[in-house]
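Participant: The lines below spell out each chain.
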Amino acid sequence: DAKTTQPPSMDCAEGRAANLPCNHSTISGNEYVYWYRQIHSQGPQYIIHGLKNNETNEMASLIITEDRKSSTLILPHATLRDTAVYYCIVRVFYNFNKFYFGSGTKLNVKP
Amino acid sequence: NAGVTQTPKFQVLKTGQSMTLQCAQDMNHNSMYWYRQDPGMGLRLIYYSASEGTTDKGEVPNGYNVSRLNKREFSLRLESAAPSQTSVYFCASSREPPSSGNTIYFGEGSWLTVV
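Line order of the protein sequences matches chains A and B. Its first residue numbered 4, the first sequence is counted upward by one per residue in my numbering. Its first residue numbered 477, the second sequence is counted upward by one per residue in my numbering.
The hints are simulated quantities; they were obtained by calculation from the structure and are not laboratory data. One or more of the hints may lead you astray.
[Stated by the list, open to error] Chain A residues, not near chain B, derived (Cβ > 10 angstroms throughout): (1) K6; (2) T8; (3) G18; (4) P24; (5) N56; (6) E61; (7) K72; (8) I77; (9) R84; (10) G105; (11) G107; (12) K113.
[Unchecked claim] Straight-line alpha carbon distances no greater than 27 angstroms define the calculated DSS-like cross-link-like pairs of lysine-lysine that follow: (13) K109/A - K72/A; (14) K485/B - K6/A; (15) K533/B - K547/B; (16) K485/B - K109/A; (17) K55/A - K72/A; (18) K547/B - K490/B.
Every residue, glycine too, gets a C-beta built ideally from N, C-alpha and C.
Put together the whole structure using the sequences plus the hints.
Facilitator: This is the structure in structure tokens:
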């Protein structure tokens, strides 16, 4: 199973871009990279996912390196409401639909 | 537009008592999951059900049983609760097949305290 490595915490100034890195050096060719976040102790919320190409939606952008061994989630204009734990998850394709969460990155957006 | 609904939201149990956490989804998803989250930690998979009538163990299945009652409902049972099972429990669901890249949707959590 591909594992992910994320920094335990990061700070970001309100209004600035937040760039959250994730290392997944053992990712397989048909495994997706997913990003979720968890605000306080609510249920995790889907943000974005990708396979090879960079992706963008109304919440964030996902940049995946060409070798797919790492990725970066970008929140273009962070707000205080973006303070949360962000999880980078690699979909374990061959083990039927299991999502394994690590410890994530606690993003602190400061005024 | 309920999504994934869990009950109860809060529960206090005495050691040795049993209880069942209920989960239902209204998105016609094939797969359902139960996770637990201990303070300051990420989510860990307890059990999952790939489809109606099937269940399988996740990372931390000991002390739990599950039932996939029908396509909508997936329950988690603690037969003899222990303080180590104090945690927040999340139910989730997703649509398959795996190649689609579909996402997983979570309920709001059930806070369980075992004293």
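Participant: Each hint: holds or not?
Facilitator: Hint-by-hint comparison with the structure:
Every beta carbon of chain B lies more than 10 angstroms from that of K6/A, the smallest distance being close to 12 angstroms; the non-interface claim holds. Annotated as non-interface, T8/A keeps its C-beta farther than 10 angstroms from every C-beta of chain B; the closest such distance is 13 angstroms. Non-interface status of G18/A relative to chain B is upheld: no Cβ of that chain comes within 10 angstroms, the nearest being about 28 angstroms off. Under the 10 angstroms C-beta cut-off, the non-interface status given to P24/A relative to chain B holds; the minimum distance is some 17 angstroms.
Once the 10 angstroms rule is applied to beta carbons, N56/A is consistent with being away from chain B; the minimum gap is 12 angstroms. Against chain B, the non-interface label of E61/A holds: every CB pair exceeds 10 angstroms, the least being about 15 angstroms. No beta-carbon of chain B is positioned within 10 angstroms of the beta-carbon of K72/A; the least distance is around 19 angstroms. With a least beta-carbon separation of about 19 angstroms from chain B, I77/A lies farther than 10 angstroms from that chain, consistent with its non-interface assignment.
Non-interface status of R84/A relative to chain B is upheld: no Cβ of that chain comes within 10 angstroms, the nearest being about 17 angstroms off. Some Cβ of chain B comes within 10 angstroms of the Cβ of G105/A; the nearest lies about 5 angstroms off, and the non-interface call is violated. Residue-level check failed: G107/A sits 6 angstroms from the nearest beta carbon of chain B, not beyond 10 angstroms. Every CB of chain B is more than 10 angstroms from the CB of K113/A (nearest about 21 angstroms), matching its label as outside the interface.
Using a Cα cut-off of 27 angstroms, the hinted pair K109/A and K72/A holds, with the two alpha carbons roughly 22 angstroms apart. Of the supplied pair hints, the one linking K485/B and K6/A is violated, its CA atoms being roughly 31 angstroms apart against a limit of 27 angstroms. At most 27 angstroms may separate the alpha-carbon atoms for a hinted pair to count; K533/B and K547/B meet this at roughly 18 angstroms. This hinted pair checks out: K485/B and K109/A have alpha carbons roughly 25 angstroms apart, not beyond 27 angstroms.
About 11 angstroms separates the Cα atoms of K55/A and K72/A, which keeps this hinted pair within 27 angstroms; it holds. Between the alpha carbons of K547/B and K490/B the distance comes to roughly 32 angstroms, so the proposed pair goes past 27 angstroms and is violated.
Hints 10, 11, 14, 18 from the list above are not met by this structure, while the remaining hints are.
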